[in-house]
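Number of protein chains: 2
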Amino acid sequence: MYKLISSKVYYEGKVLKLQVDEIEYETTKNKGIREIAIHPGGAVIVPITDEGKLVLVKQFRYPLQNDLIEFPAGKLDKNEDPLICAKRELEEETGYSSDKISYLGKIYTAPGYCTELLNIFVAENLKSGNHNREEGEKEMQILELSLSEIIELIKEEQIVDSKTISALFFLKLKGIIKF
Amino acid sequence: MYKLISSKVYYEGKVLKLQVDEIEYETTKNKGIREIAIHPGGAVIVPITDEGKLVLVKQFRYPLQNDLIEFPAGKLDKNEDPLICAKRELEEETGYSSDKISYLGKIYTAPGYCTELLNIFVAENLKSGNHNREEGEKEMQILELSLSEIIELIKEEQIVDSKTISALFFLKLKGIIKF
Chain A
21 MYKLISSKVY YEGKVLKLQV DEIEYETTKN KGIREIAIHP GGAVIVPITD EGKLVLVKQF
81 RYPLQNDLIE FPAGKLDKNE DPLICAKREL EEETGYSSDK ISYLGKIYTA PGYCTELLNI
141 FVAENLKSGN HNREEGEKEM QILELSLSEI IELIKEEQIV DSKTISALFF LKLKGIIKF
Chain B
21 MYKLISSKVY YEGKVLKLQV DEIEYETTKN KGIREIAIHP GGAVIVPITD EGKLVLVKQF
81 RYPLQNDLIE FPAGKLDKNE DPLICAKREL EEETGYSSDK ISYLGKIYTA PGYCTELLNI
141 FVAENLKSGN HNREEGEKEM QILELSLSEI IELIKEEQIV DSKTISALFF LKLKGIIKF
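Read top to bottom, the protein sequences are chains A and B.
Positions in the first sequence are counted from 1; adding 20 to them yields our numbering.
Positions in the second sequence are counted from 1; adding 20 to them yields our numbering.
Heads up, a few of these hints could be off.
In this list, chains with the same sequence are indistinguishable; a pair is considered to hold if it fits within one copy or across any two.
Stated by the list, open to error - Mimicking BS3-like on lysine-lysine, the simulated pairs with C-alpha atoms at most 27 Å apart in a straight line are:
#, residue 1, residue 2
1, Lys78, Lys49
2, Lys147, Lys198
3, Lys34, Lys51
4, Lys98, Lys73
5, Lys23, Lys98
Derived from the structure by calculation, the hints contain no laboratory data.
Quantities reported herein were computed from a predicted structural model and do not represent experimental measurements.
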């Protein structure tokens, strides 16, 4: 299909590694460039309270220079099990812990140029505690919303995050929410 | 909240620009790094045939070194209207054209580190034609699937693309599909 001519890493940081490959198509001999953001992947957690509300966080997203409303999520530490990551992010971002976490589904967020894979979980039997946010997450706001409030926010384009909307699709597909 | 200390561009290509900012939190004076992939944004198109089938494409995704099943999509040309982009990608990737395209919703694919915004559209009244794929898209396969076939593929994790799953959520929310 193609062969690799060259590969160069332009940046390697804590979140992203930027790699650019030059390839040659085997049939036409034409050359092409592939720009790839290599990401460790992450976990998303959908916390559901005993009252049936969904817990979201509203936080400043630096790349957009704007606040977004999303389910809690975070990136994997090296070789980390996504379930462990989901539990950690639940506690760090919301203060809740849970002894009932189950797998919902997985998504590639931007498969055209990025390797990021997100595993999505749902957490029930929530217990309150203290959150333990990282610097830069201090001003995060917790929102506990009913499904109809969330649907309204999506219709108003106040919720525009793909992992959050994908997670709601999985909840619906599994019969956990109905709309 | 924070002030910008420095900003450096490590790479600028056709798809991505990789920028790293150093910031200082105003209250604590602690410093932080923000790695940002700057992306032009894109458009997603959900083509629906007169028989009610949804048109998807199966294509090799270089970053994943694997085939993915997705709704047709592409990135915006400079200053391009997302609707124009959606029409172009529909014709290029599937060969269909449409005189009935409507807006469904928008998503940020990876707001933690990437600026990409996708506008999602639905195309009806499809007319057949010849596709006009770019190099590297030649081996793309077109799939015309019923909703129940798509749901089955999602359950089997054969469809794992966040924009595709988000688009299905919007279709359901607007009453265009029912499940």
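Give the relationship of Lys147 and Lys198 under a CA distance limit of 27 Å: within one copy only, between copies only, both, or neither. within (24 Å within a copy, 35 Å between copies)
First find the shortest C-alpha distance between Lys23 and Lys98 inside one copy, then the shortest across copies, and answer within, between, both or neither for a cut-off of 27 Å. neither (30 Å within a copy, 30 Å between copies)
One pair to classify: Lys98 and Lys73, alpha carbons no more than 27 Å apart. Within, between, both, or neither? neither (32 Å within a copy, 42 Å between copies)
Within a copy, between copies, both or neither: where do Lys34 and Lys51 come within 27 Å Cα-Cα? between (31 Å within a copy, 14 Å between copies)
Regarding Lys78 and Lys49, is the shortest C-alpha distance of 27 Å or less found within a copy, between copies, in both, or in neither? between (49 Å within a copy, 23 Å between copies)
Checked against the numbered hints given earlier, the structure breaks hints 4 and 5 and satisfies all the rest.
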